[in-house]
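**Student:** If you read the protein sequences in the order shown, they are chains S and A. Numbers 0 to 253, taken from numbering that gives the first Met the number 0, label the letters of the first sequence in order. Numbers 0 to 53, taken from numbering that gives the first Met the number 0, label the letters of the second sequence in order.
Any given hint could turn out to be false.
As the list claims (entries may be wrong) - Chain A side only, calculated, beta carbon under 7 Å to chain S, not exhaustive:
hint	residue
1	M6
2	G7
3	Y12
4	P15
5	Y17
6	L19
7	V23
8	A31
9	S34
10	A38
11	A42
12	R43
Claimed, not checked - Partial chain S-side listing against chain A, Cβ under 8 Å, derived:
hint	residue
13	R55
14	A63
15	W65
16	S102
17	P117
18	T121
19	R223
What the hints assert, rightly or not - Have a look at the derived ranges for each label pair, beta carbon to beta carbon:
hint	chain 1	residue 1	chain 2	residue 2	range
20	A	A33	S	V165	26 to 36 Å
21	S	L31	A	S53	41 to 51 Å
22	S	A158	A	R29	24 to 34 Å
23	S	L162	A	S53	18 to 28 Å
Keep in mind the hints are simulated off the structure, nothing from the lab. Treat the numbers as computed from the prediction; the structure is a model and nothing was measured. Yeah, the Cβ is synthetic: ideal placement off N, Cα and C, and Gly gets one too.
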Amino acid sequence: MAWVWFHRFGSPPHFYRLATRLAPWFAWPAALLCLAGLVGGLVLAPPDYQQGDGFRIIYVHAPAAWLSLMVYVVMAASAAVGLIWRMTVAYSVAASCAPIGASFTALALATGMLWGRPMWGTYWEWDPRLTSELLLLFLYLGYMGLRNAIDDVGRADRASALLAIVGVVNVPIIHYSVIWWNSLHQAPSVMKFGRPTMPAAMLVPLLLMLAGFTAYFLALLLTRARGELLRRERNARWIGEALASAPTGPGSAC
Amino acid sequence: MLRFLQMGGYARYVWPSYALTALVVGLNVRWALASVRAAQSEARRRLASLKAAS
Numbered sequence: 000m001a002w003v004w005f006h007r008f009g010s011p012p013h014f015y016r017l018a019t020r021l022a023p024w025f026a027w028p029a030a031l032l033c034l035a036g037l038v039g040g041l042v043l044a045p046p047d048y049q050q051g052d053g054f055r056i057i058y059v060h061a062p063a064a065w066l067s068l069m070v071y072v073v074m075a076a077s078a079a080v081g082l083i084w085r086m087t088v089a090y091s092v093a094a095s096c097a098p099i100g101a102s103f104t105a106l107a108l109a110t111g112m113l114w115g116r117p118m119w120g121t122y123w124e125w126d127p128r129l130t131s132e133l134l135l136l137f138l139y140l141g142y143m144g145l146r147n148a149i150d151d152v153g154r155a156d157r158a159s160a161l162l163a164i165v166g167v168v169n170v171p172i173i174h175y176s177v178i179w180w181n182s183l184h185q186a187p188s189v190m191k192f193g194r195p196t197m198p199a200a201m202l203v204p205l206l207l208m209l210a211g212f213t214a215y216f217l218a219l220l221l222t223r224a225r226g227e228l229l230r231r232e233r234n235a236r237w238i239g240e241a242l243a244s245a246p247t248g249p250g251s252a253c
Numbered sequence: 000m001l002r003f004l005q006m007g008g009y010a011r012y013v014w015p016s017y018a019l020t021a022l023v024v025g026l027n028v029r030w031a032l033a034s035v036r037a038a039q040s041e042a043r044r045r046l047a048s049l050k051a052a053s
């Protein structure tokens, strides 16, 4: 039946085995994609006609910003799945997202400041895009803080899921902030309908970096989710078998 | 090579951005592996103590 995959995916021992096996298949392509993207972005792409070589910050800033949003959506969606179907696997995935998302949100803010200083003449401005991205960081930190404050994992999962779901309204606000309001920040040049407003020599490395960061995130997520599953399923019988056979984790990532 | 490192005068902004990114990428790998290893050794300890008790 169509739902069989859903139930299999939701079975902790099955997910644990799958995650162990899949993580390297995301980690190695991530490393290769990022390497190709770095060479393309730092060496092969021509300097921008207005920003010179300063525009090259985009190859780390945009992937970090993309992860900050994508990870939040994954976190909120899996928290919702956990809440609705009481799935341990979904809660484990949601909890694994938060530290990854928080660190990349902080990175997006930091690289944005380093880019803003030469181009806008300021590190920080209370601009809609910057302010809503800062709010995203606080949402991640609030989610993690709430989890830390509750000892019982089940209760922490349910309470933090609500916070994650409510906070998802911030995601479209961040994305459309540069269109809805006057913003210092430039409008999207890749993630929009129609053709991207960038020549291929600049665009291709950016797409490679975006794909590389996404694969890297999936490898991290699968690895972290295994740890979260072990913590939630401490009394399950499958754990003995899983620990007897499983290697520790992926060799490396990008 | 020197011209590459100078980044057209933007070296002060470009290289710190890349360094911070490398740091965050590396730390996340370390944190993820540390987290799953801690959970594994905790589970092993628990299994051993359960076995000893029974």
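**Student:** Are the hints correct? Go through all of them and say.
**Tutor:** Quick rundown of the hints versus the structure:
1. M6: Check passed: Cβ of M6(A) comes within 4 Å of chain S, closer than 7 Å.
2. G7: Cβ of G7(A) sits 4 Å from chain S, so the hint holds.
3. Y12: holds (5 Å)
4. P15: holds (6 Å)
5. Y17: holds (6 Å)
6. L19: Cβ of L19(A) sits 5 Å from chain S, so the hint holds.
7. V23: Since the shortest Cβ distance to chain S is 5 Å, the answer is holds.
8. A31: holds (4 Å)
9. S34: holds (4 Å)
10. A38: holds (4 Å)
11. A42: Hint holds; A42(A) Cβ to chain S Cβ min 5 Å, cut 7 Å.
12. R43: With a closest approach of 6 Å, the R43(A) hint holds.
13. R55: holds (5 Å)
14. A63: holds (7 Å)
15. W65: Where the cut-off is 8 Å and the nearest Cβ of chain A is about 13 Å from W65(S), the hint is violated.
16. S102: holds (5 Å)
17. P117: Nearest chain A Cβ about 5 Å off; hint holds.
18. T121: With Cβ-Cβ at 13 Å, over 8 Å, it is violated.
19. R223: R223(S) check passes; min Cβ-Cβ to chain A is 5 Å, inside 8 Å.
20. A33(A) - V165(S): 26 to 36 Å: The hinted range 26 to 36 Å holds for A33(A) and V165(S), with Cβ atoms some 30 Å apart.
21. L31(S) - S53(A): 41 to 51 Å: holds (48 Å)
22. A158(S) - R29(A): 24 to 34 Å: Once the Cβ atoms are compared, 29 Å apart, the range 24 to 34 Å for R29(A) and A158(S) holds.
23. L162(S) - S53(A): 18 to 28 Å: At roughly 40 Å between Cβ atoms, S53(A) and L162(S) fall outside 18 to 28 Å, so the hint is violated.
The structure fails to meet hints 15, 18, 23 from the earlier list, while all remaining hints are met.
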